[in-house]
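Visitor: The residues making up each chain are set out below.
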Amino acid sequence: MPSVCFYFQVHQPLRLRHYTVFDSNHQYFDDFKNASVCRKVANKCYLPANRLILELIRRFEGRFKVAYSITGVLLEQLQHYSPEVLSTFDALAETGCVEFLGETYYHSLSFLYSRNEFVTQINKHCDTIAQLFGQKPRVFRNTELIYNNELATLIEAMGQFDGIITEGADHILGRRSPNFLYKPKNCRHVKLLLKNYSLSDDIAFRFSNRDWPEWPLTAEKFAKWISDVNGNGNVVNLFMDYETFGEHQWEDTGIFNFVRHLPEKILAHPDNNFKTPSEVIESYRPVDTVDVPHIISWADTERDLSAWLGNAMQSSAIHELYRLEKQIKSTGDAKIISDWRKLQASDHFYYMCTKYFADGDVHKYFNPYDSPYDSYINFMNVLNNLQRRCSKPTHGGERLTPPQSAAPVGLQTIS
Amino acid sequence: MRLNQVGESVRVLMLGWEFPPFISGGLGTACYGLTKAMDQMGIHVTFVLPKAIQSEYATHVNLLNPNSRTARPSYRIDELKNVEFRAIASPLEPYTTPESYRQRIEETIRRKQSKHGGLSNSQVVAGTDYSRDMYTEVHRYAALAVELAQNEDFDLVHAHDWMTYPAGIAVATIMGKPLVVHVHSTEFDRSGEHVNQMIYDIERQGMERANKVIAVSHFTRGIIISRYGITGDKVEVVHNGVEHNGAAELSLSDTGIRSDEKIVLFLGRITMQKGPEYFLYAAKKVLEVMDNVKFVMVGSGDMMHRAIELAAQLGIGHKVLFTGFLRGQDVQKIYRMADLYVMPSVSEPFGIAPLEALGNDVPVIISKQSGVSEVLMHALKVDFWDVQEIANKVVAVLKYPPLQMTLKSHGNFEVRKLRWKDSAEKCAKIYEEMLVSV
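These protein sequence lines are chains S and F, in that order. Numbering that gives the first Met the number 0 applies: residue 0 is where the first sequence begins, and numbers increase by one. Numbering that gives the first Met the number 0 applies: residue 0 is where the second sequence begins, and numbers increase by one.
Hints were generated in silico from the structure; no laboratory data involved. Yeah, the Cβ is synthetic: ideal placement off N, Cα and C, and Gly gets one too. Among these hints, one or two may not hold up.
List of simulated lysine-lysine pairs, DSS-like, C-alpha gap at most 25 Å [claimed, not checked]:
| # | chain 1 | residue 1 | chain 2 | residue 2 |
| --- | --- | --- | --- | --- |
| 1 | S | K354 | F | K416 |
| 2 | S | K325 | S | K341 |
| 3 | F | K367 | S | K354 |
Examples of chain S residues toward chain F, derived with CB under 8 Å [unchecked claim]:
| # | residue |
| --- | --- |
| 4 | T19 |
| 5 | L153 |
| 6 | E155 |
| 7 | A311 |
| 8 | T353 |
| 9 | Y372 |
| 10 | Y375 |
Bound conformation, chain S alone (with noise of 0.2 Å):
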C-alpha cells in the first residue's frame, strides 16, 4: 500500500543587475529581467500546473493531493508581477488537500552560517505562509534539502514542526529504502521523509530524454514503478521542481498529459493512495533512525555542497555576505537589511560554480551569466557597495575612504 507524496519546490531566484565596480546606486536587482522571468515561467509553468493539479483534485473528490514549498522571495515576485499565479495557488490552498511546507523565506544557505538569521527567515516565511494560505507550516524543507543531525535538532527544538524532507542520499541510507518514514538521530518528535531521488529524477530529468531505454515514459509504467514498491515501502516521494513541469520539460514533451492520467493509473490500483507529507508523518510509524553527521544535499551526483561552496569565489563570498552580518543589521535599515538577506539566496552562489562549468550543462542552463566569473563579480561589486551603506554616517556628506593598498577583499571603497 504504498502512498504518493509529491512536494514540488516552487522558486525564482532575484537576478542581480550588472552592476560594475563603478555602480553606486542602491538599485541592485534586475527587476525588468525578473519580471519578464516571472510572467514567462507563470505562463508555461505555473499557471498551467496549477489548473491542472486543481482539476485533477476536483476530479478525484480529494483522494489526490500535493505538497508545495514556496520561497518568500517568489511569493514577493508573483504578487508584484503575476498575482494571478497566488490566487490560483489560494484556490488550491481551500481544496484542503494541498500541504505548504515551511522553508527559509529568503532560500537562503543561512543554516550553514548563521542560527539565529535561519531561525529567522524560517519564521517570516511560515507566517506569510499562514497569512496567504491559512494554514501554518508543519514540515520543513532547508534550501537544497541542506540537511544534517544538527539541523534536525535545530528544527525539533523550534517547536512548530513535525517532519522534515530531505534527499533520500544513497550513503546516509546503506542498504536501506527511502521509501519509508524515518527518524532523525537525536530527535523524539520530529520524523525525516527521504526524497526516492530514483523515481522522482524520472519524472525531472529523464522525461523527455529520447537516449533513456524507458523512454517514452508513461502514467501507466510509472504506476505500475509505483505499485511495484507494493510490500516492501509504505511511501514514495517524490520531490521535485514544480518548473518541472511545462519550464524543464516544455509541454511538448507531453509532461503535462503524463500528470493528467498519473492519478487514475496510480489510484487504480486499490492498495495506492496520494498523501501529503503531514499525513505521511500521522500514518506511518518510523523504522529506524538515519544518522547524518556530514551535511547533505539534493544536488548533483554528488550530493553535498560543492555546488554552492565549492570554489574559492563562492566560500569567500558568502563568508564576506555573512561577515557584514553584525554591522548590517546595527543599521537598522529595514531596506539595507532586505538587500542582505535578498543577497543570501542560494542561486547567487550557484552561479559562481565552476564545477562541470567547461562542459555546458544543467548548471549552465540555469544560469543568468556567461560564467561564473561574471557572477562573482557582479556579486562582489555589490556587496562591496552595500558595505559602505552600513558605514554610511546616518546624515552629512560621504565618508571618506583613504585610497586602498593590497586590502582585503571587500574593504575597497570609491566614493
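Following the hints, position chain F against chain S.
Guide: Structure of chain F alone, referenced to chain S:
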C-alpha cells in the same frame, strides 16, 4: 603513423613564414607547434620559408648537405627528425604591409649602394633578386617555390597565410598535388574595413583554389564564408594548441616596478587589430578607482607612437610602460611578473598569447571577438569596445584574490588540455580525407 594511398608516411610540402627563434608573432609560434607535433606523428614535412640573410641561421640550426643536388640551402633542427627546412632567398616577412615592405627594400638598396659605391639601382636589385614591390615579390617567390618543389617528393601542399598562397597554388598546379591553405588571419582582421584589394584577391584565390581551407577558429571560418564566399563544407576548423615550457626564474630588480604594485599586461603587436587604445582607455578608468597598478605594453607595431601619445594625453603616462618587442626568456619573465593579461583585440582569428599567459599562471581577459574565446572557458570575456567592462573586470581581478586564484588554477588546467598534438591530428585527418578523394 599516417599513411598515404601507397602506404608510406604522408609527406607535406609546407609553405611557412617564420620559425623560432626568429619569430615576430603568433604565425611563427603556430607553424612551429603544428610542425613539431606532426613530426612526432611521423609525418614528413619539408618546411619552405623565405630567408633574406642566410647566415643568421647558421648558429642555431645545423646546416645539412649544402652541396646536395638541389644546390639549395637545406637545414635540419635536431629535435625535429622528420622535418627538413628549405630556405628561399626572399625578404618577405609576415606582418608587413606593402608600404613597409617598400620602405625596407629601399633602405636595403641605399645601404648596398653606399657600400658598393656607384652601382645603379637596377644592378643592385638584379644582384639580390628582390623585387621592390611586395606583389611582384610574392609572385617571384612562387616561381622559386615551383623550382624548388620539382626536386622534392611530397603528397600535398600546405600553405600558411596569404603571402604563400600564390606559391601554394603554383606548386600544387604544376606538380598536380592537392592544396591546403591554412588561414591564421585575414585581411579583415588586420585592416578592419579598409582592406587592401590585392591582398584580399590573393587570399580569395588561395581559398578558392584550395582543396581544403583550415581556419584557426569558428570566428575565422565565419569570415571565410561570409567575406570570401567560400562554401562551408570546404572550411575546417583546427584550433591552435599551446607549447608548455618550463618556468623561468624571475627577478624584479631591473624593471622599475615595485613588488606592491599590480601589473596588468598587454602583449602583442601594437596595431589596430590588437586594440591597444582600448587597453589604455580601460587603464584610465581603472586608475580612477585604484592607485597601485602599472600597465605594461609589450610589443611593437605601427600604432606604438600613437599609443605612447594617447597614454600621455590621458594623463596616465607615468602608469604605462612600453617595453618594445620581447622574446624568449624576457616574455617568460614578464608573464611571471604580471597579475593579469588583457587582450582587447578588435578581430583576433585565434590569439595564442592568452594561452601562454595562462600557462604561466596569469589570468586573462580576452575579447569576445577572438578565436581563443571559443576554446577558453576559464577566462574573463569582454567586447573589445566596452572599456567600462574591461576596467570593471581588471579591478575585480586585482581586488578579489579568490577570483584571481580560481581563474589561475582552472585556466592553467584548461590550457594543458589544448595540445598541438590534437591540432596536428586534425590536420592529418584532413590530409587523409583529401588524399583519398583525390
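Visitor: If you test the structure against every hint from before, which numbers come out violated?
Guide: Failing hints, ascending: 5 and 6.
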